[in-house]
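Please build the complex by placing chain Z on the supplied structure of chain F, with the hints as guidance.
Line by line, the protein sequences are chains F and Z.
All the letters of the first sequence, read from the start, carry residue numbers 1 to 99 under this note's numbering.
All the letters of the second sequence, read from the start, carry residue numbers 1001 to 1552 under this note's numbering.
Hints listed in this document are in silico derivations from the structure and should not be mistaken for laboratory results.
Nothing false has been slipped in among the hints.
Subject to a maximum C-alpha distance of 20 Å in a straight line, what follows is the list of computed EDC-like cross-link-like pairs (lysine to aspartate or glutamate):
no. : chain 1 : residue 1 : chain 2 : residue 2
1   : F       : Lys51     : Z       : Glu1030
2   : Z       : Lys1080   : F       : Glu25
3   : F       : Lys51     : Z       : Glu1033
4   : Z       : Lys1545   : Z       : Glu1534
5   : F       : Lys51     : Z       : Asp1034
6   : Z       : Lys1103   : Z       : Asp1021
7   : Z       : Lys1037   : F       : Glu50
Because the structure is a prediction, the values reported are computed rather than measured.
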Amino acid sequence: MKVITANRLLNGDVVWLGESGNWVERVTLARTFEGKDQVAEGLSIGQQAEKNQEVVGVYEMDVTLEDGVLVPVRLRERIRAAGPTTHPQFGKQAQAVSA
Amino acid sequence: MYRYDEFDASFVNQRTEQFKDQVRRRLAGELSEDEFKPLRLMNGLYLQLHAYMLRVAIPYGTLNGRQMRKLAHIARTYDKGYGHFTTRQNIQFNWPKLEDTPKILEELAEVEMHAIQTSGNCIRNVTADHFAGAAADEIADPRPYAEILRQWSSLHPEFSFLPRKFKIAITGAPNDRAAVQVHDIGLQLARNDDGEIGFVVYVGGGLGRTPMIGRKVRDFLPEEDLLAYSEAILRVYNRYGRRDNKYKARIKILVHETGLEELKADIEEEFEKIRFGVLRLPDEEVRRIETYFAPPPLEVGPAVSAVVEARRGKDAAFAQFLKHNLNPHRVPGYTSVTLSMKPIGGIPGDASDAQMEVIAELAEQYGHDEIRISHEQNVILPHVKLEDVPAIYDRLAAAEIAEGNAGLITDIIACPGMDYCALATARSIPVAQRISERFGTADRQAEIGELKIKISGCINACGHHHVGHIGILGLEKKGEEFYQVTLGGSANENASIGEIVGRGFSSEEVVDAIENLVDTYLGLRSGKDETFLEAYRRVGEVPFKEALYGAA
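Just chain F, same shape as in the assembly (with noise of 0.2 Å):
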């Protein structure tokens, strides 16, 4: 299972592609994708999104439901859907906890 993943051109910030086709700021809102056409699809929207100045750096990252929640499997996605575990006051595991 994979989503979609980049960072806003603005601001960096790491997104994921959410269900309606937008950048949400969470892994666990974000869309899931099975299968190479599936995956396709889901690249190709992000890099339309990445001609419109939305995103930089699309790319795919594995994802596994752990009590229903998405998690990224690799330690790199976790800390870049977290934020650096040496600055728990920073990143996203900063922000209210939500979803």
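Only chain Z this time, still in chain F's reference frame:
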């Protein structure tokens, strides 16, 4: 202190204006990311894991209070209240917004700073001994030469698209504190029999995935030939350096593949063509630039201060600070003070805006307005009156940058690692923090003595792990962080590349493994005077290997 001339000011302002327009065009969709990326990198702006990162140049690690206050202001206004000093004597901001970066560059230009050539395949910020102009063992201040190299290499049209990045380091003392032998060009100031200044020249040192110690190409390069000879090296590299493979593109690979003698001959041939041309350094120009670095007026004072000695006896932490964080100054009565950016359990090289303000105040009040950043990620006040040390120490202690650990096991170099860096394969900072906590008591650190641990979060080796007495390289193995340990590296005048001791360790195991190595050293050293590195060089890897993995 070097100050901008009219050329510097105008080109930095021009560049800032250009970048402002480039950002505008990017946001308007007139530039694609592919077109914009090389432009932002030329101005030190990377995209990392969580955000953009701006790397600001601190030429040869020298700055003043006003500049440090500006860095504090940028941290507070455009970032999250902190910055990170790097192994190239630069500072990085971890959270700037793209739309704010032109404004940040404008603010930097107000204090004669910029981010030019902190990235890209060009000649990077020239680094130098952080005790330059102050150290008792110095032949001459290396910074005038670093400045001459900076002027020559800034926006050098021929060398803006080299096969790969190019780093130059220079030291003015026989005790190399600038790691010159692991740079593309390493320069060590020397005097010949006639007392003239020149340079021992090393070429092709470097770390990364293929670590190599630089090879000596000149025993004594006369001062006047510095630029022509550097240009000759760069021309040979620019012509023959590999462009087919990014991982084989540094000059060290060219030296290795071509062979030293042939490459030396190529350099000398090129040098002969240009040595009497425009790059020959006029003596009066060198002397003029030296005046920019003229030492502050320092009155000779007593080599021992009564106030310092009185406190030494009754304050153990202060005594520890005196023992490890002061470097002998060439003027009696003065000292160079290392401010430890390695608090126990803290993040190596991080400084808050408030700490930067304290550093600026102390430099202005007690340090002739001079500040240095070391490649070991600490901050130095190079010219301090011995009798002022207690007052400085108290202010540092209040700001939590007074740990007396310079050169000790908790004075760890660590790259940002996977907590920030898009290239990293594992985290570095948390490992540094755990080692620091494990060994952090004053007694234990002092008992272990000089021991340099250096940690990189990937093979690119920004944390200099290859030249750590103990080096730690973070990799990813089956989705988990995994740490390879090397022993016996050194970046000083007796430079060596550390050797991999055996299979690596998980994140849970690695600190225990380091403790095991340290205990082994304590058990086998010939006495308290024998450092970890000396002991390792005497006994070899076998006892350490056995301690980690059992007898073969």
